[in-house]
Amino acid sequence: MSLLDAGPPIALVVIFAVFAALSSDFRTVGNVQNILDAAAVLAVVACGITFVLMMGSIDLSVPGVMGASAIAVALLVANNRNDNAWGLLGILVAVLLGAGLGCVSGMALVSLRVPSFMTTLGVSAVGLGVATLMFAGVQPNITDEMLRGWAVNRFLGLAYLTWIAVACVLVGWLIQRYSRLGRYAYAIGGAEEVLSLSGVKVAPYKVAVFTLAGAFYGLAGVMVTSQLSAGLVQAGKGYDFAAITAAVVGGTLLTGGRGGVLHSAVGVLLVTVLTNGLVQVGVSPYWQGGVQGLIVVAAVSAAVLPQRRRNQVTK
Amino acid sequence: MSTPVITEPASNPAAEPAVVTGAPTAAQRVTSFMPVIALVALLAALTIADPDFLTQRSLTAAVRTSAPLVVLAAGATLVVLCGGIDLSIAALCSLSTVFFAMWLPDLGGLTILVAVAAAGAIGAVQGIAHVVLRIPSFVVTLGGMSIFSAVALVISDAGPIRVIDRDATGWLNLYVAGYLPMSFFVALLVVAVISLIIKLTPLESFVRATGYSESAARLAGTPVDAVKVAAFTVSGACAGLAAVMLASRNFSGSPTMADNLLLPAVAAIVVGGTAITGGHGSLWRSLAGALVVTLLRVGLPIVGVPSAWEQILYGAIIVAAVALTLDRSKVLIIK
Amino acid sequence: MTSVTTNLQDGPAPVNALEVRGLVKHYPGVKALDGVDLVVRQNEVLGLAGENGAGKSTLLKALVGLVRPDAGEIWVRGEKVKLRSVVDAADHGIGMVFQEQSLVPNLTAAENIVLGSEGAGVRRGIYRWDTMRKLAQEQLDKIGSHIDPLARTDSLSFADRQMVEIAKVLRIEERTSNPPVIILDEPTSVLESAEIETLFTQVRRLREFASVVFVSHRLDEVLDVCDRVSVLRGGQSVGEVPTAGAEPADLHRMMIGSTGSDDHYHEGLAEHSDEPARPRLVVKSMSGSTFRDVDLEVRAGEIVGIVGVHGSGREDVCRALFGAEPTLSGEVTLDGEKLDLSGTRGAVASGVGYVPAERKIEGMVGPMSVADNMMLTKQKARCTGPMVVPKKQATLVDQWIERLSIRTPHRGTQIGRLSGGNQQKVVLARWLVAGDIRLLLLDHPTRGLDIGARSEVYRLMRELANSGVATVLLADSLEEAIGMSDRIIVMNDGRATKEVSCPSGGKPTPLDLVKEMV
Amino acid sequence: LTGCSEEAGGAGGGAEAGGCAPEDVVLVGQVRNESNPYEAAWLDGGDAFAEQVGLSQDRLTYDGDSTKQQEQITQLLAGDTECLVMNILPNGDSDTLPIVEGAQEAGAYLVTQWNKPADVNVTDYDQWLSHITYNGVESGQQIGDALAEAIGGSGGIIALQGILDTGAAKDRFAGLEASLEANPDVELLDQQTANFSRDEALAVTKTLLTKHGDDIKGIWAANDDMALGALAALEQAGRDDVAVVGIDAVPDALTAIGDGTMTATVSSDGPWQGGIGLAIGYCVATGELSVDDIADEDRAWFAEQFLITGDNVGDFTSPEVDEADFECDNVFSRSQGAIS
Ligand SMILES: Nc1ncnc2c1ncn2[C@@H]1O[C@H](COP(=O)(O)OP(=O)(O)OP(=O)(O)O)[C@@H](O)[C@H]1O
Ligand SMILES: Nc1ncnc2c1ncn2[C@@H]1O[C@H](COP(=O)(O)OP(=O)(O)OP(=O)(O)O)[C@@H](O)[C@H]1O
Ligand SMILES: [Mg+2]
Ligand SMILES: [Mg+2]
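Residue numbers (our numbering), protein chains in the order written: chain A, -16 to 298; chain B, 22 to 356; chain C, 940 to 1457; chain D, 15 to 354.
Fair warning: there could be bad hints in the mix.
Said to hold, decoys possible - Simulated pairs of lysine-lysine, DSS-like, Cα-Cα distance not exceeding 27 Å:
(1) Lys1330(C) x Lys1319(C)
(2) Lys1223(C) x Lys1019(C)
(3) Lys220(B) x Lys1223(C)
(4) Lys1319(C) x Lys1299(C)
(5) Lys1277(C) x Lys1331(C)
(6) Lys1330(C) x Lys1277(C)
(7) Lys1454(C) x Lys220(B)
(8) Lys184(A) x Lys1019(C)
(9) Lys970(C) x Lys1019(C)
(10) Lys1299(C) x Lys970(C)
(11) Lys351(B) x Lys220(B)
(12) Lys1277(C) x Lys1299(C)
(13) Lys1021(C) x Lys184(A)
(14) Lys220(B) x Lys1299(C)
(15) Lys1437(C) x Lys1277(C)
(16) Lys1299(C) x Lys1223(C)
(17) Lys220(B) x Lys1330(C)
(18) Lys1454(C) x Lys1223(C)
(19) Lys351(B) x Lys1454(C)
(20) Lys184(A) x Lys1223(C)
(21) Lys351(B) x Lys1330(C)
(22) Lys1319(C) x Lys1331(C)
(23) Lys184(A) x Lys1331(C)
(24) Lys184(A) x Lys351(B)
(25) Lys970(C) x Lys351(B)
As the list claims (entries may be wrong) - Rough simulated footprint, nothing fancy, chain D against chain A, three-plus residues with beta-carbon under 8 Å:
(26) 32 to 41
(27) 112 to 118
(28) 146 to 154
(29) 203 to 214
(30) 257 to 263
Bear in mind the hints are in silico, worked out from the structure with no lab data behind them. The beta-carbon is built from N, C-alpha and C at its ideal position, and this holds for glycine as well.
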């Protein structure tokens, strides 16, 4: 395990310890449960975005994809807007919608040869537009007991949604470790040209990775809908940068070929602990964002410090 | 100091006459004009959708509107050319509008310079943090973004600060030759001056070499760190100038005023055809890109596209625009 | 190798493993291939020689479907084929180890070996690591390598990675029942002599069941390992020779179309004044993370070679002297002044130049022009005040293109489009344009260069030395180190352990040095 | 630089109101986005009014992006402005002035709502017909009082603030502070911002619930979206003993009040707001009303608002546009007095 891998977990432990020392409210079991619950949605988003970052691409489509799937699921399961009551099938369709939008990002990347930065930004706008069309001015509220229950019911002290997130991290890790898709995503970030030289057609894998990521975002949109009992167009607002931050803090490189789902999970916990801790410690709301930014920069620089080399390239 | 004298090589029979020139081919010329072609195509489409859109007043308003975005994008283009990214420009711009509005009563006309200088200095600090701590620019400026927002909120007491004295920036609302808005003229000037300085000095090769291959540049003795810090400084200063334009347009400074300009500014750079991976691109491209983005932002709703469809169209068109403008021969692997 | 020849004479006319007829490939401004013919027989090692830019790599890439030829035919075992992709070529039993190492650094060796043809290693998209490891192990066993298949590739040594590449290319055997054709494009340019020996053992082993095409600029190697050599010049085949009894000079003559001199190292050019020149570079007990207490003195006009095996730390010493690697302690002076080693800028300002070994990544900026690459360092030479004067630059660049006979269509051509040797010349020229160079640090400056280009680089080094430049040379081979250096420092485990004086006329033998190195 | 002139041939100011034929009037309504019920209802109200006078409304949205709002207005004013009527929701206080100045210069009729810097006077302009808002201090105080009553006059509460740099957030919080003064036994345990967002309110409330636990008896939210987020957090924490109040009377909040899960909200009538601004502009543009005849206290006024609790929620569940509200002699009927 290299230092780059060890840095973020150490940072997580240190930050956790500091908050625990500063605030008695922070170090309660209830609060730890709360932190884990609060990390659930971000963890699922981070799972998806990690595969994209691993390839050296970037994904800004999170707000649009989550918004579209959040509204879609709210309109498909039992709700106050129409007579649909598709239950699990509705959730599946919403996740597939997310996957479809992700697929569009990937297709535009490989067929038009437009950088993912732009294709995903475009798809985000499209997703928000589609969500707004479906929203049509009236808030869809869900009455589906199962979906609402996911956020409310607990197992071993944690909400079902949190267990779903744990399952996603596990599945993500398995994909990354044991599937060709995951290993190729990793390889594409390491040396894309070598794959082509070895006769591997990378384009389908790239599309598949964006599709997979889209499915994770779609699920995240469903989870937000479950938490709020309502489908919001803004369900994914801010999750794009939060997830990228979490992944980077966790040790995934934006240039690709390094990091992974477990790294990002650590990053997610780190970011969530920070958000929670700053509130618990009582930092003024005005300063919270700033302090968080400062700590993220400090954490990353502490993690890369042992790696510094004279002629190292930092982009 | 000794000067090596190299004699002619003994035999060189196979030396072919140089038949090819380094001048760009016709195809390359077309690619370099693609951003302009995209701009014209978009304008034509908007005009077809609503013939009233193509009036002198309307175009004047559009270019005036685009001025702060052009300046922001121009500054950040330098950072992108060096292979980095500056996510803090919008937050820094917001912070600078607060600076400007706060300092104006005391400093008068000098405030413009002071605000630009302050923003430049803040940009430099980020640049130094990036090169000294060796943290990716994405992370440094992401941190900067939240820190600047917090500072702006606190010093402004979370509210807009009115600009009472409009004389200091009144000139920005004038028109050159009756038609060209002064703010856009200033934006053009910024693009032209920075471009010329880069073009006419070794900076061009410094910046590109840094962007294409930082390690090769460093081992060739190129002042990579200085170039990067300079790029962040200029990017910061441009955010400051954009702030002056926004504050003069809104008659106030506010801690969130420009926050939403980040993605449009980066989109402008990419739509112009500058490679997000560094090395290839130019400020002129970003100028055209900023105009495309502005036309999309104001044009679509004005010609009557409904809100939801406006977003869908926006998404589709920026992707199409990049498909058109990016010169793939300069960017081998598209990530 | 005689057995092959006998076979040819006695048996029925054998089908050639591979045959190329009249292959043509144009690039903008260059005719890379101009009607090349080539025959590769069964179970032979065919050498391919030619100057930098002669079209070797282009030809080979055409054989694995990476370059689509404009005209000409490719025949595989008597059958005309069109090769559209690497997979296509592999299906026909043709595989290639590329000039630049091409492994995915963050994957395991096993994955790299089976990459693109995982077969039973992947079932329905799911990796079966055990099978994968077994598959990889089979390939490694073929070449008798003992690498751990599950080691991450970037943790392997250079030589081991090369073994992985060969193991990987042998995977094509699983795709076809016919004996494969293995193409090795400059496999030795980055290897040490011991590693080269291992490689040659592999190549000879390959001949038992495959045909091999072997490219190297070290003609002695070519003659050593190949059965036959085909020579390319300017994109055309100019003939082939059996290696038995052939001399490097014969090959060289064919490559350049005229007689070359025998004295590659131009020892005759070495000027030796009687008075000892003043010391230019003085290094006193310099230590870094990979070297300790290194003392070094280089006089003006002197070429000092440093030799050592992989991991001896000589490369880091070189980089440290350029400020590209941190030094922990020690004192370095240049002409009596303390050298600022806090970064590369200080060294450059003091007249130190560095030519890195990794040309593609560290030496040049691929997408930029020849002119820009040449002028990257010495800005004053092309400027008046702060401004670049295009005319001044053009004159200067063209002058150096001619002096070093750099083959490029134009000074505005992207350097990435030149052949390796010509790229290297541009990188060297970078330090010469201003004429104020005092110390040159050359890390494998002739890696990948053809014999002519190498000879020119040697001549250049000599003339620079004669004009007073001090040179530190990490040579490509011991012969080169001995041939070029006035003195040789041997490094071992981060320490300078021995100094061998090396005047022309009193040169040590490679064996003398090897003894000191291990 | 020679040849600078004052402007690029703009239409020039001047309020010779009333020259427009009814069919020439162009109606524009601009809000942040159509993806929340309140603002979507606002634009629908505008459509209803436009239909009433046989016209149609141009619906503009700017994604809560101040610069985009300014850009759209600038572009709009660069077109034909002679009979242009704009009913605008400025994104923040700082966005009002440039819109006003632009309209004044171009000669378009402007009504703004919600956000206006206190020191800018509507009466200084003659194209800026009116500014309408709800009394944020009052609503903040009303729900504060309702909350205090719901928790029996004593106990701890937490507050969820809106976007910190908006006037609405500040006024409403000032109202809460006034309410706290009047209810000395109610203690403000904590206050955080959730940026008017349901999602953020959920996360913040969860954290505050673990921090303060059972001490929390009530949650004061600066709008209903955050109140609904807080309700979701309470549900997930298994707490049903906490009173929640909000402002805006969005349909979901009314439902919650009907269910008894939420305590109170304050009405703001989106459809009416969407129609009334256009109505005032239309009346002036067509000459039925003259700017000079509008009383000074009707140039910047608080619209009528109601505290909605379980007792009266039935009266508000289906807001209807009442055409009579938009008659030219009726447009100021909901005024609760001038903004002081
Ligand atoms: N992609 C390309 N675009 C343009 N020109 C090219 C390209 N690839 C090769 N060339 C040109 O074709 C010619 C042959 O190049 P090639 O790489 O085949 O030479 P080589 O014999 O392998 O040289 P070396 O010994 O240096 O590797 C050179 O002049 C080179 O500049
Ligand atoms: N990336 C690395 N990580 C850890 N150790 C390294 C790394 N690169 C080199 N080393 C170690 O540093 C020491 C010096 O390596 P270096 O490459 O300088 O050797 P060298 O003698 O220059 O090799 P060569 O003869 O090939 O030029 C060796 O012990 C090597 O194992
Ligand atoms: Mg080659
Ligand atoms: Mg080495």
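Hints, one by one, checked against the model:
Taking the CA atoms of Lys1330(C) and Lys1319(C), the gap is near 14 Å; set against the 27 Å cutoff, the hint holds. Taken as a hint, the Lys1223(C) and Lys1019(C) pair is broken in the structure, with Cα atoms around 65 Å apart against an allowance of 27 Å. Distance restraint check for Lys220(B) and Lys1223(C): the Cα-Cα separation of roughly 44 Å exceeds the 27 Å cut-off, and the hinted pair is therefore not satisfied. At most 27 Å may separate the alpha-carbon atoms for a hinted pair to count; Lys1319(C) and Lys1299(C) meet this at roughly 26 Å.
The suggested pairing of Lys1277(C) with Lys1331(C) is violated, with an alpha-carbon distance near 33 Å, which exceeds 27 Å. Taking the CA atoms of Lys1330(C) and Lys1277(C), the gap is about 37 Å. The hint is violated against a cut of 27 Å. Between Lys1454(C) and Lys220(B) the alpha-carbon distance is near 55 Å, which puts this suggested pair outside the 27 Å criterion. Of the supplied pair hints, the one linking Lys184(A) and Lys1019(C) holds, its CA atoms being roughly 25 Å apart against a limit of 27 Å.
Between the alpha carbons of Lys970(C) and Lys1019(C) the distance comes to roughly 24 Å, so the proposed pair stays at or under 27 Å and holds. With a C-alpha separation of about 23 Å, the suggested pair Lys1299(C) and Lys970(C) falls inside the 27 Å cut-off, and the hint holds. For the hint pairing Lys351(B) with Lys220(B), the CA-to-CA distance comes to about 18 Å; that is within 27 Å, so the pair holds. Taken as a hint, the Lys1277(C) and Lys1299(C) pair is broken in the structure, with Cα atoms around 32 Å apart against an allowance of 27 Å.
Under the criterion of a C-alpha separation no larger than 27 Å, the hint pairing Lys1021(C) with Lys184(A) is consistent with the structure, at around 19 Å. Proximity of Lys220(B) to Lys1299(C) is assessed by CA-CA distance (about 26 Å); at most 27 Å being required, the pair is judged to hold. The suggested pairing of Lys1437(C) with Lys1277(C) holds, with an alpha-carbon distance near 25 Å, which does not exceed 27 Å. For the suggested pair Lys1299(C) and Lys1223(C), the alpha carbons sit about 33 Å apart, so the restraint of at most 27 Å is broken.
Only pairs whose Cα atoms come within 27 Å are accepted, and Lys220(B) paired with Lys1330(C) is accepted, the gap being roughly 15 Å. As the CA atoms of Lys1454(C) and Lys1223(C) are separated by approximately 26 Å, the hinted pair is consistent with the 27 Å bound. Note on Lys351(B) and Lys1454(C): the hinted pairing is violated, with a Cα-Cα distance of about 49 Å set against a maximum of 27 Å. About 54 Å separates the Cα atoms of Lys184(A) and Lys1223(C), which puts this hinted pair outside 27 Å; it is violated.
About 25 Å separates the Cα atoms of Lys351(B) and Lys1330(C), which keeps this hinted pair within 27 Å; it holds. Using a Cα cut-off of 27 Å, the hinted pair Lys1319(C) and Lys1331(C) holds, with the two alpha carbons roughly 11 Å apart. Distance hint between Lys184(A) and Lys1331(C) is unfulfilled; the C-alpha atoms sit about 47 Å from each other, more than 27 Å. At roughly 22 Å between alpha-carbon atoms, Lys184(A) and Lys351(B) fall within 27 Å of each other, so this suggested pair holds.
Proposed proximity of Lys970(C) and Lys351(B) is supported: the alpha carbons are some 22 Å apart, at most 27 Å. Only residues whose C-beta sits within less than 8 Å of a C-beta in chain D count toward coverage, and the stretch 32 to 41 of chain A has 0 of them, not enough to reach three; the restraint is violated. Counting residues of the stretch 112 to 118 of chain A whose CB falls under 8 Å from any CB of chain D gives 3; the rule of at least 3 is met. Proximity of the stretch 146 to 154 of chain A to chain D, defined as three or more residues with a beta carbon under 8 Å from a beta carbon of that chain, is not established by the 0 residues found.
Coverage of the stretch 203 to 214 of chain A by chain D holds in this model, with 5 residues showing a Cβ closer than 8 Å to a Cβ of that chain against a need of three. Coverage of the stretch 257 to 263 of chain A by chain D holds in this model, with 4 residues showing a Cβ closer than 8 Å to a Cβ of that chain against a need of three.
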